Amino acid sequence: MVRSAIGGRHWKPVALLAFAALMFWSALPVTAQTQTQPPSQSQTLDAITPVEEFSRQLEQFKNSIPQLNKRIEDSTAAVDRWTNVERARKEIEELRALVGTALGAVSDNGSVSQLGAKALAHAREKLRMLEQDTRFRPEERKFLTEQWQRLRADTERANDELSAARKEFADLLRTLQANEDFVEELVQIRQAQKALEVIQRLTQDIREANDQLKRLIGGIKPPGA
Amino acid sequence: MSMRALPIGVVAIGLALAACNPTGDTGYVEIRTVPVASQRSSSLYLDSTKLEPVQKGVAVLKQRAGTTKLSAESIGGQVPLCDIVVRKNRITTVTVSLLDRPPRCQCRNSAPKGGACVS
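Going line by line, the protein sequences match chains A and B. Going by my numbering, the residue at position 41 of the first sequence is 41; the numbering climbs one at a time, nothing skipped. Going by my numbering, the residue at position 26 of the second sequence is 26; the numbering climbs one at a time, nothing skipped.
Do not take every clue at face value.
Capping the alpha-carbon separation at 25 angstroms, the derived lysine-lysine pairs in BS3-like fashion look like this [unchecked claim]:
#  : chain 1 : residue 1 : chain 2 : residue 2
1  : B       : K50       : A       : K167
2  : A       : K90       : B       : K62
3  : A       : K62       : B       : K62
4  : A       : K167      : B       : K69
5  : B       : K56       : A       : K221
6  : A       : K167      : B       : K56
7  : B       : K56       : A       : K62
8  : A       : K167      : B       : K113
9  : B       : K56       : B       : K69
10 : B       : K88       : A       : K90
11 : B       : K62       : A       : K118
12 : B       : K69       : A       : K70
13 : A       : K167      : A       : K118
14 : A       : K118      : A       : K142
15 : A       : K118      : B       : K88
16 : B       : K62       : A       : K167
17 : B       : K88       : B       : K62
For the record, the hints were derived by calculation from the structure and aren't laboratory data. None of these values were measured; they are calculated from a predicted model.
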């Protein structure tokens with residue numbers, strides 16, 4: 001059930017790898033463009049730092065995805081063995097922790113998303129400032145504007161990818177919750193079954209004790225009877 | 001003097017870390033707004049934290065486990081909308097209707113008693 005829910009609809013390892021590749025692709029131009037800045041523009045280099053930081057964080061997140069993907073696949077296979085309900089519950093709990101960690105990184109108030117918003121704000125602000133900047137010759141300004149426009153577009157694309165990842169992880173977490181609730185119900189059924197067995201055993205014991213008592217009473221003969 | 005100040009400093013750092021709850025349990029709140037593109041939407045608050053405007057109608061926020069209050073900005077202060085129960089590594093979804101005045105909460109799952117939004 002878990003496998004079908006995750007593998008079939010919500011969790012697509014191929015899509016995840018594609019997402020990781022997109023992350024890498026999105027991050028590359030950002031890094032590359034930081035190297036194309038003229039060395040004399042120290043002010044520009046300072047301003048680019050938030051974008052670099054965002055790129056670095058994205059890279060870290062991207063690197064964690066294949067490992068996360070493998071662990072989720074392994075755990076999903078384990079959860080498929082429904083014979084051990086306690087183990088299934090534990091596996092789902094571990095899965096939730098994994099997905100929760102990933103979701104935490106890309107959540108709207110998470111570190112990567114906030115860096116993304118900051119980087120985008122910087123790129124937009126730089127473009128706005130360049131329009132009014134009189135320090136550069138027209139061709140220089142044109143070059144810088146083009147660089148920042150490309151940077152802005154790449155950052156916007158990276159932020160969109162983060163939004164997609166956020167939705168994917170949120171959906172996955174919801175699926176795991178629903179499955180965990182199902183497992184929880186199974187545990188309760190099993191516990192109720194055990195309780196019933198105890199009651200049945202107790203009833204049997206009482207019945208046997210009662211029979212024994214009857215036999216004992218029946219065996220009592222008053223003197224002379 | 002510095003030797004005497006050291007333990008106090010250590011305790012202060014410890015207390016500060018405890019207050020930050022660095023290893024505390026966290027869960028997630030998903031806030032969906034309808035309609036997605038609202039021209040005049042009130043600012044939303046989770047407890048006392050003002051939220052950034054919800055982009056494209058969905059925001060997923062990391063939140064410390066426990067019960068948190070969602071409220072909206074209104075004339076004269078914040079109007080409480082609903083309670084949201086956040087559990088460790090779980091996501092609680094709430095839809096906020098911005099057409100209503102004040103905005104109204106719709107829980108994906110509600111607690112049997114009290115009506116708080118649960119995961």
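Here is how each hint holds up against the structure:
| no. | hint | in the structure |
| --- | --- | --- |
| 1 | B:K50 x A:K167 | holds, 22 angstroms |
| 2 | A:K90 x B:K62 | holds, 23 angstroms |
| 3 | A:K62 x B:K62 | holds, 20 angstroms |
| 4 | A:K167 x B:K69 | holds, 23 angstroms |
| 5 | B:K56 x A:K221 | violated, 91 angstroms |
| 6 | A:K167 x B:K56 | holds, 12 angstroms |
| 7 | B:K56 x A:K62 | holds, 24 angstroms |
| 8 | A:K167 x B:K113 | violated, 30 angstroms |
| 9 | B:K56 x B:K69 | holds, 22 angstroms |
| 10 | B:K88 x A:K90 | holds, 14 angstroms |
| 11 | B:K62 x A:K118 | holds, 18 angstroms |
| 12 | B:K69 x A:K70 | violated, 37 angstroms |
| 13 | A:K167 x A:K118 | holds, 21 angstroms |
| 14 | A:K118 x A:K142 | holds, 24 angstroms |
| 15 | A:K118 x B:K88 | violated, 28 angstroms |
| 16 | B:K62 x A:K167 | holds, 14 angstroms |
| 17 | B:K88 x B:K62 | holds, 10 angstroms |
Checked against the numbered hints above, the structure breaks hints 5, 8, 12 and 15 and satisfies the rest.
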